[in-house]
Structure formats: structure tokens, C-alpha cells
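Enquirer: Residues per chain, in single letters:
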Amino acid sequence: MSSDLSDLYQHVILDHNRRPRNRGRIPTANRSAHGDNPSCGDQCDVYLRLDGDRIADISFEGSGCAISMASASLMTTLLKGKKADEAAGLYDRFHEIVTTGKEPEEISDLGAFAGVHAFPARIKCATLSWHAALNALRGDPAPTTTESHTD
Amino acid sequence: MPSTWDRIRDEFPTLHQQVNGHPLVYLDNAATTQKPRAVMTALDRFYERDNSNVHRGLHALSMRATDAYEGARARVARFVNAAAPEEIIFTRGTTESINLVAASWGGANLAKGDVILLTEMEHHSNLVPWQLVARRTGAALRYLPVTGDEGLLDLSALDRLLTPEVKVFAFTHVSNTLATINPVAELCARARKAGAVTVVDAAQSIGHMPVDVRAMGCDFLAFSGHKMAGVTGIGALFGRRALLESMPPWQGGGGMISSVDFHESRWKPPPERFEAGTPNFGDAVALGAACDFLDSLGREAIRQHDGALAKMAYERLAELPGIRLLGPRGERGGLVSFAFRDIHAHDVVTFADEDGIALRGGHHCNQPLMKRLGLTSTARASFYVYNEEREIDALVASMRRTLKFFGSAD
Ligand SMILES: Cc1ncc(COP(=O)(O)O)c(C=O)c1O
Chain W
0 MSSDLSDLYQ
10 HVILDHNRRP
20 RNRGRIPTAN
30 RSAHGDNPSC
40 GDQCDVYLRL
50 DGDRIADISF
60 EGSGCAISMA
70 SASLMTTLLK
80 GKKADEAAGL
90 YDRFHEIVTT
100 GKEPEEISDL
110 GAFAGVHAFP
120 ARIKCATLSW
130 HAALNALRGD
140 PAPTTTESHT
150 D
Chain D
33 MPSTWDRIRD
43 EFPTLHQQVN
53 GHPLVYLDNA
63 ATTQKPRAVM
73 TALDRFYERD
83 NSNVHRGLHA
93 LSMRATDAYE
103 GARARVARFV
113 NAAAPEEIIF
123 TRGTTESINL
133 VAASWGGANL
143 AKGDVILLTE
153 MEHHSNLVPW
163 QLVARRTGAA
173 LRYLPVTGDE
183 GLLDLSALDR
193 LLTPEVKVFA
203 FTHVSNTLAT
213 INPVAELCAR
223 ARKAGAVTVV
233 DAAQSIGHMP
243 VDVRAMGCDF
253 LAFSGHKMAG
263 VTGIGALFGR
273 RALLESMPPW
283 QGGGGMISSV
293 DFHESRWKPP
303 PERFEAGTPN
313 FGDAVALGAA
323 CDFLDSLGRE
333 AIRQHDGALA
343 KMAYERLAEL
353 PGIRLLGPRG
363 ERGGLVSFAF
373 RDIHAHDVVT
383 FADEDGIALR
393 GGHHCNQPLM
403 KRLGLTSTAR
413 ASFYVYNEER
423 EIDALVASMR
433 RTLKFFGSAD
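Chains as they are written, first to last, in our numbering: chain W, 0 to 150; chain D, 33 to 442.
If you are wondering where the hints come from, they were derived from the structure by calculation, not from laboratory data.
The reader is advised that the hints may include incorrect statements.
No more than 35 Å apart at the CA atoms, straight line, and that leaves these computed lysine-lysine pairs for DSBU-like [said to hold, decoys possible]:
(1) W:Lys101 / D:Lys436
(2) D:Lys403 / D:Lys343
(3) D:Lys343 / D:Lys300
(4) D:Lys436 / W:Lys79
(5) D:Lys403 / D:Lys225
(6) D:Lys144 / D:Lys343
(7) D:Lys225 / D:Lys300
(8) D:Lys403 / W:Lys79
Just so you know, these numbers come straight off a predicted model, no measurement behind them.
Make a model of the complete structure from these sequences and hints.
Expert: Quick look at the structure:
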């Protein structure tokens, strides 16, 4: 297996794909948003319970490749307890990692997604759930589609 | 006499390359086929010698170009056994051909209370044009069901669905996801008895098996050149002459189409009536060369070759753990779609690419069918004249490696 491919399918990603965290709909959710990847059919719903501007609880449901499902799973673990602006900041970091391949300086599971940058077609798999989460945070009910995002 | 089959791979330059350090195994032929030298040469020759606009100049080049273009039309007519070249309209491909029928024939003949009968296995391009014309005319859509994973049309439901309100029955010859070969002649005969016009989507059959519009008894047949060893950007619509003559233009004067009082004499007869603007004559000439190439191989021989590979791939893949295979077990078109229980199709396709194998992964423009089968995506291997048994070995070996990586190997 090439190093590009083993960088893409890192242990962290395989683990989240196999045992997704926070999967399913939380009954107490007060926000949700849907994300679609029309060219490949990937889908992701993100559910939030917002307490003020803090994410008290978060979960996802969806279907897609290992990259998109692992990204959604990891995202829920990182966003739980965060404030809306912290979530946006984390997304910016994540976006930089998947588009440039630069590993984060501090230790973070986000670094597992650095390998995505070598597979440009897969960047939108990695970012789908994040777009849905940010839309949910903004209270934007319009479904997000990765086709309209330049990444 | 040496047959083209003997050195078939030499005819296709694209095949001779390495991808990710492995010899390319191209199994995405249902999306588009590779092009033989004969087709590319025909295209080059036309542009090097004869290029000029058609049907207008009186000079030598324009006459040669017109002859080449009309020659290609006659060649395509022979290829599908149409009664006359005038029954062939050049289009951009299957999608545009179906849009032409839906907009022109549908716009003029459908009204509220009428029904458009489709099947659950239609490609988006034999679905969305009908949804558009249904919305415009008030006609309703109705679907002939698919039986399940074995992917056959439920013919027992046909009599119930083919009511007198059904004005048109549009269906695919070969499914691009299930590989089902539908009984076109029977479907056309039953539709005709019920008074419905028939539209056959031949995108997946045209390059793979004999296609004879008169034996089928269809009213319209749509196909794309790029799926039959031709170049992209050209395809055709066959239409029975009497029907074409009764139809209004669909481009060139949008507003006219909604006017009720059409005067036949104001338009040129078919096929020109449906070819507004400078046609794609260069690619049409190359399509004629693709017809020659496929006939030199023999289309019955192609059907057997592609069908045998697909059947073999089905049987070999069936041995893998956690695999779900779609489509008929017996005779099938030249492709096989499959899904693993625990591995998404896009991961499968990414790992295959690593081994130099080109597969398609996704919903294959068959979203309603996928939903009906409870799937979101499948991987698909599709075969053509240059594929070989060893490429199925490579596919199966690659799938085993993928299964092992994701920890689902037995
Ligand atoms: C069954 C079927 N119909 C229609 C089409 C559309 O063909 P095109 O995109 O060449 O118009 C395809 C191609 O994917 C197909 O497989």
C-alpha cells in the first residue's frame, strides 16, 4: 500500500469509522442541519443541543465513506462543550489541515486527516459534517451541499 | 483472415499506461468507453481534409463535409436498422435525445389526465426530462416496479399499469446499475397494444449487443456515441418517420412550441427540423467510424464477450465475505454492481485505484432505484471489448486486499 493511501486511512480514521461516536439522533436536540454530497450521495445530519452559545450535546447520523463518517464522529467528540466561536475556529484549523496537509502543532486527532490533502476529491467528504454542524449552529435550516463550496 | 479481436488492445492507446505503479485495468466502461485508433483517425482526417460547415456552402469542402455528415447519418441508420437515414437525428447523446422527445413529442401530445409510464430502474436522464414535461403539461408519472436485488422488471404488474391513460412508456434496454437486459420487443408490443408510444434508452446496449429498432418495434431509441467507442459530444435519436414528421421543433424558436396551431410547412422536414444550429459534424463522422469498428468485431460477439466477463466477475465476487451483488444471476449486460456490508463504495474505489483499477462508485444516476433497494451507493465494474479475464483476477485480488485492510476478511 502506498504511503499516500496509508496516510489517508490512518488508524484514528479507521477506528472512528468502525466505532462511530455520538451516532444517532439526540432526543433533546434543539438545532439540526442536513448536509449532502450530491456527486457521491454522501449524507450527514448533525443534531445539537445548544445551551446559550455552548454545545451541550451533539450527534450525527448519515451514510458515506470512511473519511466522511470518521470525520463526523471525531467532530462530535471535539465540539461537545465548545462555544460557537470555538467551533468555527476548530473548523478553520481542520480546513487548513485537509487542504494543505500541514499537521497541527499541538497534539490533536485532527492531524489524522492531513492525508486527505493528497486526494483532492475526498476533501469534501471530510468537510461535509462540519458544514452541517456550522449551519446548525447558525440556525440555518437550509441543507448544505458540498458542491457549492470551493473546497 | 486476422480478426480485429486478435490484437484488440493495440487498437486502444489509452489502455497502455501505468496507474499508481500498476498497469491500468479500465473497468469503468459503462461511464464511457475508450476510443480505438480507427475512430481517432477518422476524426483527424475529417479536420485535416474536409472541415467546412455543412448544408450551406457550394464549394468543394462544404460539399465533402456535407457528404461525410450525411454519410455518417446513413451509417448510424444502418447500425440500428432504421428504415431511412431521415429517422436519425444527431444530438449530444442519450440525455439530449430523451429531452428532445419529452419536450417535442411530449409537449405536443401530453395533457392533464395522461400518464407517462417509466420503470424504477431508469437513469436520471430517462426520468428528469419526463418530470419536467409532466410538470409542464399536467401529465402524471407512473412506475413499473423492479423485483428486488435480482433486478428484473415486474412484468406481472404491466397489464395493470398500462391503462388507456398511458400515452408513452419509456424504459431502458440495459440497466446501468443492475445489468438487467429488458425484453424490449415484448415491452414495445404490449405498449403498442395499449396505444402508448415507446422510448428506449439504449445507452448501455448500443455498443454491447445488436440493436435493431425494427425488430424491437420501438418508436424512439436514444443513445450516446461515447459509450460505443465513439467520441464524446455526439449521439443520436432514432424516431419513426411518421412520428418525427408530426412533431414540432424543440429548439430554435422556444415560443413557438407552446403555440397550438402549428403549420408543418413552416419547418424543414426531419431530421433538419430537430437539428437547429451548426451540427456536430466532426464527431458524427467519428461516430460512423465507431459503427464500422464495432461491426468489424461483430456485435453478437461483443455481447457474448462482455456478458461472459460480467457473469464471471459476478461469480468470482460472490465468493467474497459480506458482499451484496445486484442484478440477474443469469444473462446480464456487461457490468456488475456490488456493495460490501461494512465498506463504503468510495473507499472500495479509492483502494482499487491504488491498484490501477478504474471502477465507478456512487449512485450511478439511479438514486430512486438505490433508495428502493435500501442502498446509497455501490461499486461497479463494467466491461468492454478489450477487457480480459486476468483483469477480473486483478479486481478480485484488489477487493480481497481492501477487505483485509478494513478488517472484514474471512
Ligand atoms: C442507462 C443510461 N441512460 C442514459 C445515460 C446518459 O448518457 P449521456 O450522459 O451520454 O447522455 C447513461 C449514462 O450514464 C446511462 O447509463
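Enquirer: For each hint, tell me whether it holds in the structure or not.
Expert: The hints, checked one at a time:
Between the alpha carbons of lysine 101 (chain W) and lysine 436 (chain D) the distance comes to roughly 29 Å, so the proposed pair stays at or under 35 Å and holds. As the CA atoms of lysine 403 (chain D) and lysine 343 (chain D) are separated by approximately 25 Å, the hinted pair is consistent with the 35 Å bound. A threshold of 35 Å between alpha carbons decides the hint, and for lysine 343 (chain D) with lysine 300 (chain D) the separation of about 47 Å lies outside it, so the pair is violated. For the given pair, lysine 436 (chain D) sits about 33 Å from lysine 79 (chain W) by alpha-carbon distance, which is consistent with the 35 Å threshold.
A C-alpha spacing of about 32 Å is found between lysine 403 (chain D) and lysine 225 (chain D), which places the hinted pair at or below 35 Å, so the restraint holds. Taking the CA atoms of lysine 144 (chain D) and lysine 343 (chain D), the gap is near 44 Å; set against the 35 Å cutoff, the hint is violated. This hinted pair checks out: lysine 225 (chain D) and lysine 300 (chain D) have alpha carbons roughly 32 Å apart, not beyond 35 Å. At roughly 32 Å between alpha-carbon atoms, lysine 403 (chain D) and lysine 79 (chain W) fall within 35 Å of each other, so this suggested pair holds.
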